[in-house]
Amino acid sequence: MKKNMKLGVALVTAATLISGGAVATSASATTYKYYIAYQGPLTGDNKQTGLDEIAGVKYALALYNKANPKAQVGLKQVDDQGSGPGASVVAPGTAKDKSILAIVGPAFSGASVASFPYYKAAGLPLISPSATRVTLTDPSSTDFGGPVFHRLPSKDDKQGPALAKYAIQGVKSPVVYTVNDQSSYGTGLDGYVQSALKALGHAAVGTDSVDGTNTTLDFSATISKIKDSKTNVVIYSGYYAQAAGFVKQLRNAGFTGIFASGDGTYDPGFIDGAGDAAEGARLTASSAVFQDAGKAIAADFKKVTGNAPGTYATEDFDAANIILSCIKKGNTTRAKIQKCINTGTFTGLMGNTIKFDKNGDTAGAGFINAFLVTGGTIISKGQI
Amino acid sequence: MHTLISQFWQLTFSGAVQGFIYILISLGYTMVYGVLRMINFANSEIFMVGTFATIVVSRDILGHQPNSGDLHGFTLIYSMLFCLIASMLASGVTAVIVELVAYRRLRSRGTNRLAPLISAIGMSIVLSESVSLLTAGRATIAPEMLHKSSLFTILGANIRVDQLLVFIVAPIMFFGLQRFVNHTRLGKGIRAVSMNEETAKLMGVNLNRVISITFLIGGLMTGAAAFFFETVYEATKFNIGFNIGIAAFTAAVLGGIGNIRGAFVGGLTLGLLETYASAVLGSQWKAITVFIVLVLVLLVRPNGLFGEAIQQSRV
Amino acid sequence: MRTTNSLRNFNVRDKGAAIWSGWNRLQRTSFGIAMILLAGALPFAGNYSFSNFLNTPISNFADVLIYPVGMFVLMSLGLNIVVGKSGMLDLGYVAFFAIGAYTMAICGKWTHLNTWEILPLGIAFAMIAGVLLGIPTLRLRGDYLAIVTMGFGEIVRITALNTQKIGGPNGMANVPNPPSIHTPLGVLDFNIMTPNSFYWFVLVLILLTIWMIRRLSVRRPGRAWEAIRQDEDAAELMGVPTLKYKIWSFTLGAGVGGAAGVVYASKTLYISPDAFTFNISVLILSCVVFGGIGNIWGVVLGGVFLAYLPERIRFISNARQLVFGLTLVIIMNFRPDGILPRKKREKLSSPAIETGAK
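Residue numbers (this note's numbering), protein chains in the order written: chain Y, 1 to 384; chain B, 385 to 699; chain X, 700 to 1057.
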């Protein structure tokens, strides 16, 4: 009998957990008439990207709701774990939820491709802060996300050549080795870097794919190969956490040449992780870090969201603001917002003008800025 | 191929360092397997806890800041000792808790073999997700302790002091453990349980205590590995244990799971194999090479290179 | 077994079996049909107020019923043939799912075959992979088999990841939906707006798999698997060709996984290597053990519960994986043989699956 009671207790606990949670959702959240959604990895291996990004959206929303207390807009968190399969689970439901007017996201390219069919069918406009795969805005590709898809970062095929050019700039006889992290971002960018290098007449002497999708931190074999090939320029395509570990070990192994990397590494976290080894690293990105907008706004960001502005915070803030400014103009259906995004001209955090072309790229997305890590900070070197 | 020849000793040295870290972690698997005949699936998270303990002690208790330069003299010695002990203790205690929560109740009822496996998987999700919530899924950076410059060069291989430390201390710990298991009263208790549990119980061995201690020792060794890992790589994340856990488990099976000597050979072999395979075929094919070699070894020697401590047929 | 085990001995399965055996054929048939109809009506549950507590936040209930729920149930049933029926620990089951899915994507995009024609192909390729893996490795026992199968799962995933021809890490988009079957109300149309028809398709596959397992269980293969699970050496001694039957069980399990893969790819339209990680293998194994190893209804229940739970608790966003882990620990501790364990008689007389640890 006693044991049966125990089972009962367990079952009741489980039931309360589920129903209690349901109560919590209905009680805690004030319901809004309209929502914007953020779609990205909020759990799983890539969740730090998602948490950084959603903070930017939350900040923009907090400012908006403070300025428009009568017509507040809510936020729905759509967790796709940063992967295609995760996105296929959430996309149908998100597309069906008519209170969601537009989405900031999807954060990752694979997740974007997996979600497109549902959002296209539902006419739900998207502005991605960080999906850079070229084919997403290429109408001849099966990955094409138009007309609903828009993005703020520049494409890999713009960044690849810029990165290649910047990496070998001023090097007398460059011998280049490229490394990618096996992610869809890393291999994609690496491909464009390699073809650009070939076009510049300095084809990479070798290339290696390290395991970046998981958590390997040992790069000794790759570094041995780099040293063996008498390389003086290493271009790494991947995300900052892994890049920090990589450049550290590369410098420890006595490599004195140039280390260059793309916008995945363009993050203060790269310098925190790599320390002195980050010194002299050449980075490319299409935007400025959020902190460049001024100390006051960065401090306010931290106060409101509890997070210092992280990777892609600028793009997230801009993406959310574009949607919110459309809502403010009285566009409260998906179709109207879609039209507003397509035709409007917007101002970004850095005072830049944002206008989308017919495939969903921004007009200015061709411009890539060069950065140099100097004295522990990322210094802009202007357009490349 | 060219790299393998011209950088042979460099690769061998880094592979061996990697291998020594695997050895210590695979002891966490092999010790537990020896007495319980069960895969301790949560060992990868026990490792993860150790890496965080190292960082917390050095950063928050000793007050060293990441990227503020390496330590010297007395500060270096006590910091390292302190971190090593903290890491070992944190992992050891976690391992004991894992045993209490995930294994003990099930073991005392003599259930099927898979129930503890699943509850251990559950524990491992709980551990890594808790840390993930605490750190917001971010990578955590460790303060630098040892300077990473090359100490000297032998046969063209740069020997760094942090790697040298692993190279020297890890085997000492391993042989210390082996002595402990072979020569102390407690160690004999562990061996007795692993040979025949029922008989050991009849002979007056306190089963629960022996099993707890086995988990503790496995955890201590895994914690030591976590400390060395942090000295060399200086970063961690909530999911850091996943890959390295699988590698260490593979090492344990390669050598013959349940066999302490096997863990040594398995770990070293795996470390070298991974490094050579990365150099010749590219890093992306490393895991595949390892598994193919594992299958080939198991086809010739179905119980691993050194065989199990005891032969016993089971599911 | 002492009295303290009365909780474990509290057995819904036995009670259910007792009621079942008291019924005549008509009662059984009508009960079966009623259950199938009820299962078939599940996608509509979200629309009515008495059942809309089932609805999942963010994700769409009818789609959740296909993936993860339906797929997990199907794969758990397949894995149950290997783990539950013949007692082999397989940690790489996701490989067969991946092979099925990639067969669908490759054939669907590059040939004129449609889903119905690719389905047998996907099953066949998965089964061939099962045989190829099974012949050398099924001689291994217990945990050695576990790690070899785990390795196989990783090999398939990493090969897909590094083969640019099939998309590499980018995966494959625009996998075709199955051609619609024309019916007056369009209830068997297959496109992204019709999750119900996919769900019914998966339900049919699940029912077929259950039927197959039940048929085989009472025939020679079922008895051979039972013998192998209980004591392989004794079975071999008694003249059971153990390797042959082990390969059979492995291959059948693989075939079910392959079928699941084909359906998955043609439902989601997009596949990439990160759908086929080691975690999925572990999850499927958890479903089997959690529900009740060896008992079809337990496995179905385990698959439904573990696939549905993380979706239902999406509102706690960050912590939902933590709750999932806790659930595994708690339920396994209180019901070590799963929610619906197999018959007690079988379990007690199977020393092979006991730990030996008392």
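I should point out that these hints are in silico values taken from the structure, not numbers from a laboratory. Among the clues, some could well be false.
[What the hints assert, rightly or not] Ranges of calculated distance between the beta carbons of each label pair, as one might list FRET restraints:
hint : chain 1 : residue 1 : chain 2 : residue 2 : range
1    : X       : 863       : Y       : 276       : 34 to 42 Å
2    : B       : 531       : Y       : 200       : 32 to 40 Å
3    : X       : 936       : B       : 520       : 33 to 41 Å
4    : X       : 907       : B       : 645       : 13 to 21 Å
5    : B       : 580       : X       : 1015      : 43 to 51 Å
6    : Y       : 359       : B       : 520       : 33 to 41 Å
7    : Y       : 347       : X       : 823       : 34 to 42 Å
Virtual Cβ for every residue (Gly too), placed ideally from N, Cα, C.
Contradicted hints - numbers only
3, 4, 7
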